[in-house]
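Undergrad: Sequence:
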Amino acid sequence: LAKASREKVIKPSKLSLRITIERLGQDKQTAEQATWTIWGLLSTWNPHWQRNQEVLDLVRSNGQGDVFEGLTSLLARKDTQLKLKALGALSQLPYFSRRNKHIMASSPKLLSRLSRLASLDDPWDHNTQQI
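Numbering of the sequence shown is given in the working numbering, commencing with residue 153 and proceeding in unit increments.
Not one of these hints is a red herring.
Heads up, simulated PhoX-like pairs for lysine-lysine below, C-alpha to C-alpha not over 20 Å straight-line:
(1) Lys-180 with Lys-235
(2) Lys-230 with Lys-180
(3) Lys-261 with Lys-230
Per label pair, the in silico range of CB-to-CB distance:
(4) Trp-197 with Pro-260: 29 to 35 Å
(5) Ala-270 with Arg-203: 29 to 35 Å
(6) Ser-243 with Gln-185: 15 to 21 Å
(7) Asp-209 with Lys-261: 17 to 23 Å
(8) Ser-165 with Ser-271: 36 to 42 Å
Since the hints were made in silico from the structure, they are not lab data.
Keep in mind the model is a prediction, meaning the values are calculated, not measured.
No residue lacks a Cβ here, since even glycine has one placed at the ideal position from N, Cα and C.
Using the sequences and the hints given, assemble the complete structure.
TA: Structure follows, in structure tokens:
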């Protein structure tokens, strides 16, 4: 069983990660699937999380897609589940990565959206204006 589960772990290419990042800006269902994919690729239960993080860094460095920008933009959407998944995926990015910690700490857009979420009584209320 352990061998079978290891074989199902996907190690994406730069192209597939770039496409996944692009999907963050699409309709709710597509964006939610892309967010969940990124979260899973970077979660430490995935034995290839470090390699996946390096590939995401390379995609960003080459100007082919910015996972931070894509996930940060999702925090402006009204859908609660999408925001939660975006926060979950964002939380995986700085894990053991000084570079990603710096990127997140120096992103005015991300920091303002997180600050706005923290200041709301109920940030998950669907009737709350977009952030």
